[in-house]
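For the record, the sequence lines run as chains B and V. Residues 4 to 906 (the working numbering) are what the first sequence spells out, left to right. Residues 67 to 514 (the working numbering) are what the second sequence spells out, left to right.
By construction, these hints were calculated from the structure, which means they are not laboratory data. Check before you lean on any hint, since a few could be wrong.
As the list claims (entries may be wrong) - Here are some chain B residues pointing at chain V (derived, C-beta under 10 Å):
1. Y548
2. M556
3. K785
4. M787
5. I788
6. W796
7. V804
8. H806
9. Q814
10. F815
11. A821
12. E829
13. N831
Since we're looking at a predicted model, the values are computed, not measured. Glycine residues also receive a C-beta, built at the ideal position from the N, C-alpha and C atoms.
If you want the building blocks of each chain, they are given just below.
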Amino acid sequence: SKHRMSSKFYAAGSSSEDESEEERQNSESEEEVSNDSASQSGSDSEEEQVPSRFARGESEGEEEEVKRVARSVKDRRFDELNESVRKIKVATNANDWAAVSNEFDKLNKQMSTPKVQELIKKDGKGTPRFYLQALVAIEDQVAEVDAKKPKLNPTNSKNFKAMKQTIKKHNKNYEKDIQEYRKNPVEAIESKSDSESEQSSDEEKDIVPVKEKEKAKGDTKKPVAKPVVNSSIPSKWLAKPKAKDEESSSDSEDINDNMDDSESDDEPSANDWVAVPAKGGKPGKGQKPQPAKVVPVAAQPVKPVEPEKPKELSPEDIKKAMKEILSLRGKRATDPAKQEEKLRELLPHAKDAELQVDVLMNLISFQFDSTRAVSHLTFDKWKAVLTNLNTVLTLLEKNPNVSLHEEATPLVDVQNQDDQDEESETKLVSGSLLAYIQRVDDEFLKSLQSLDPHTQEYVQRLQDEGTLMDLAERAQAYYTKTGNMRAAARIAIRRVEHIYYKPEVDNKEQLDKLSQTVYANGDERMKTRMILCHTYYLALHDQFYEARDMMLMSHLQDSIINADVPTQILFNRTMVQLGLCAFRNNTIKQAHSCLSEIYAGGKIKELLAQGVTNTRYSDKTVEQEKLERKRQLPYHMHINLELLEAVHLICAMLLEVPNMAASINDPRGKLISRTFRRLYEIHERQIFSGPPENTREVIITAAKSLSKGDWKRCEELILGLNVWNLMSKSDQVKAMIRRRIQEEGLRTYLFTYSGYYDSMSLEMLSLLFEMPKNTVHSIVSKMMISEELHASWDQPSGAIVMHRAEPTRLQFLAMQLADKAATFVENNERLLDAGRPSFGYRKEGDNKRDQSKDGRRDNKGQDRSKGQNAGRENKGWSSQRDKSNKGQSTQNYTPRQRTQAAH
Amino acid sequence: METTSDNNSVSARQYDLTKTVSQSLDKHLIFPLVEFLGARGVYGEDELLKAKLDLASKTNMADFAADVYKNLYKTTEIPAEMTQRRTQVLNQLKQLQAECLPILQLLENQNLVKQLRADKNFTFAYLEQNHQVTQESVDALYRFAKFQFDCGNYAGAHEYLYQFRALNSNPEKNFSALWGKLASGILTQNWDEAMKDVLHLREFIDSKSLTTPLKQLQQRTWLMHWSLFVFFNHSNGKTGIIDLFFQERYMNAIQTTCPHILRYLTTAVICNKRRRNVLKDLVKVIQQESYTYRDPITEFLEALYVNFDFEGAQVKLRECDQVLQNDFFLVACRDEFMENARLFIFETFCRIHQRIDIGMLAEKLNMDKDAAERWIVNLIRNARLDAKIDSKANQIIMGSQTPSVYQKIIEKTKGLTFRSYMLANNLKGETQGYMEEEDVEENQPTAF
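Assemble the whole structure, with the sequences as input and the hints as a guide.
See below:
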């Protein structure tokens, strides 16, 4: 069982590298666990199988090992239990009663195992505090829920009721303990933080078994001198860098360091790890004797944190210490976590704002360093960074004479001159707040990318956005005040990118304000993104014309191809959103042109960065895939793809079905939607088509009915789709679709059957398509004027009189022959034209003609060529072109656009 | 009766563009508009007088302002500040007169000026040498002209600006003077001159020497508004307005800054029989802008050419009448518009019908039956309509419009013979030309 357990810990340890929230929050303990298990693995497993790694240490360390095992077994047990307790707390807070009861059962099971019982007995403290804590937490929450009666869903409330019963029964057994606990919960908290501190400063912990072999286990539970200032920041949890980084720490940790070395590096020195003190000065081990000045700093961890520090450090000392820390930064042998801690130690000593800012800035940069091994910052660390940034900002706001500058000489290098400058107005501190804020924003995004969007954690994580936005707002205000408009614009665009896609909030004013900042001070890329975000926002809020004009006036469709990929993705998103908006606005044609291109390549997911299409024969390199994954948008920003496809296909259907009916005899009939045609043909080819199963099939089946004139069936199918629930104002949209289906049904009907009638009555059509007479009249008239329908009204009788039956086969062929003859002559003419240059004269004229032709081709071919060039990320919007020359006056997007506006 | 007039004034106000248009006009150009509104009785008299006073007090027309004031408040007293303003203006006048005395004296001598102009000696260089004209006095002339304009002496201002432009070499001032000249021309109703100035200004604006595109856009907007005076008064204005406003740049400006101009453009297009070809483009623009601007006139076109809703068009046409009556620029072409609009409806109607009841048509055209019949007979006689009247059934029977398949094929192949013939000829000619040229080339060396 021992072995099983240790492997379990391994699992826990390794999972610390997956960045789920629990692990992060509990990272300290887990890290401890993984360390322990690493060190223990030998002794644990030696009972069953002898691992090669620790074979050497066996004889020497036997006795100690055993003790350590005993201790760590308890710790591990307790860690596990602690973890459960923590989970319970999270779940209770979230009112997730299913999870609570689940964890509670688990906890009880664990508690009741003989091992644990034994341990508890040994511990001699009675029921463990953390266990009581859990019980109390549940009890409290139960009471609260009972009192407040918040809305719970049926299953949840069922679970809650069950839990209420259970806890009532269960707590009776612990009544006394709980009372005691309630009387004195502080101790509990303390002891909790104790265990945390212990775990966080694992040097001390590791020392225990070596130096104080004989000490009772209870000791480890005693408050050891703890250095943690900000206990929410785990000092280290990265198993990997730790082992090596340890080396750089001060003397007191030597033994321990080398022990770690021996374990992880598997060096021969492992044999004599007890004798390490003698090797204290071993070179090449990062054991460089550290300058004496550092000692006070390094010694800090041992001192308890009390408000009154016995020793005050002068600014000079701080600078020196900082310089020391900084000089080690990035070296292989340093542990960022430890350095970070040291910096944190310095903080209370820094008295003037300037120094505080400097220390904080360095601290933040160290905190960022911790991502070296993993993909993104942990929750806690991220929050810590945020807090620190807020503090920096507060300091900067309060001390207008202190300012940050990227190129400023680092404070630590400015030694004595600084004293002279003391009185001068501005003090420059090196570092960039802007860069950190951007970084912290990036980290936020990264962490969202890595979370499963369907979990509670994701939702919780999203809630942090508020604090982030507050910080950004403050920073922007600060930069605006200090006149650094470029930075303000940078932050503004960041803020915009957190706002623009949210449908539920009305951010118009805020967005307008931010956009002004960006347009006035941003660079080209930022302006581009701003326009896109703004357009997206407008489209999302059904302001179609404004959105359309903004898109057209920006001329982005021409230039987006030169933009970076994320911006192109944003462009695609905007285009798609515009398409949806156009659809809701009953401008089907525009909607279709917005959406058709993005669907042309069948890579919709990639184009919108909403996942990856699974293709068997993907030719993507690993590198590409990695990049693609990096670009993925967090789930809450996604545009629903099913809705999108439905809208696209419905648009295509409404346009293509009458078009197909109209050009049934015309072999060169124009094609509106290739995608739709293809799907339609596939459906057509099927010998037996079963009832439609997915959105796509439903729409194609509906299109078939429509083409037969059965608009009712078509409507029934389309309106029966369940994607409409995802669309805002779905009732309005449905009414619109119904109307459009009727109209297009009528048109299709006339195209298809007019050839077989001499006349049709308005009345009949009106009845058949359930439309008012004047609407039918208007539609039919339109078709007559545009010569789609060769007929005219007989006004007195209210009938349509067909002028032309379908041409007979002979007539049809004759028409074709005439066409061909015309083409033939045309070709001859062209041949002569093309032949001319060979005569060696009239070249000029020919050139001119060629140019004009090219010009024409350019205009027309723009979209096509763009589509080709675009390959992946670009979408044109062809049908709207005519308006794209519309100038613009009030908003100055970019200089280039302004010149275009002038044309 | 009263309620209808109330309704009229309400709808007139609803579609009144005076306020919008005024934003792009000079103060002095607004007076005629306000005057017109007063005559139409769309707004209360006091309201308009106040507006007038407001305008006048910003100009140098102190006496006029005083009159308006008296009229408005029914007193004979005027506030001290107005008297003050008057003396101030007079002082300024004296001062400016003194500044450009030499040049004014010269200009007073009409014969001399004529002579100089004839000899092409009316230039700054010549006058400086021979007539003691200095740069300062020329600049002063500009200010003087502006001052005169502000005082309401438009004819004088027109004259001075004309002379100034001949002497001045500063393009900026020249441009500005041109605007001044246009305004004076408009206010003195010198339409031919004004038309020239409009075209001149257009060139100026389009020649990109002018600063930023944004400014250009602004200038174009102004020009379009100012030119409305000219286009709707000049005999050839309705072609001019179409030519100018359908320019891509101007169309962009309309869509961007002043979609309300579409009312004037639409009216001009409907009134202008020879420019039917722009109709399609216009309808497109109207549709595109319908979310920012619509009035009965644009809606009329929309009803007729987008929705083919003849009844709707009919209703709109009645509203159009209201709007036209109350629009300063359009009131003159009201009858023309109505006649043409009627024709529009009728033509479109005929295009999609093979039989029409005359009674119904008369109703649609706002005519009685006999008049309608006469009207149609006239149309048929003038060969604008392929139709016959069935008097017994009281119907119009349209000639068949769609050519038969045979006709179509004949149509399609008709040109082919000719084209092939031309082709062959061309080919022959080219080969011959080629030979000849080669001959020439060959001959050239021997010629030397």
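Evaluated hints:
no., hint, result
1, Y548, "holds, 5 Å"
2, M556, "holds, 8 Å"
3, K785, "holds, 6 Å"
4, M787, "holds, 4 Å"
5, I788, "holds, 6 Å"
6, W796, "holds, 5 Å"
7, V804, "holds, 6 Å"
8, H806, "holds, 4 Å"
9, Q814, "holds, 5 Å"
10, F815, "holds, 9 Å"
11, A821, "holds, 4 Å"
12, E829, "holds, 8 Å"
13, N831, "holds, 6 Å"
The earlier numbered hints are all upheld by this structure, with none contradicted.
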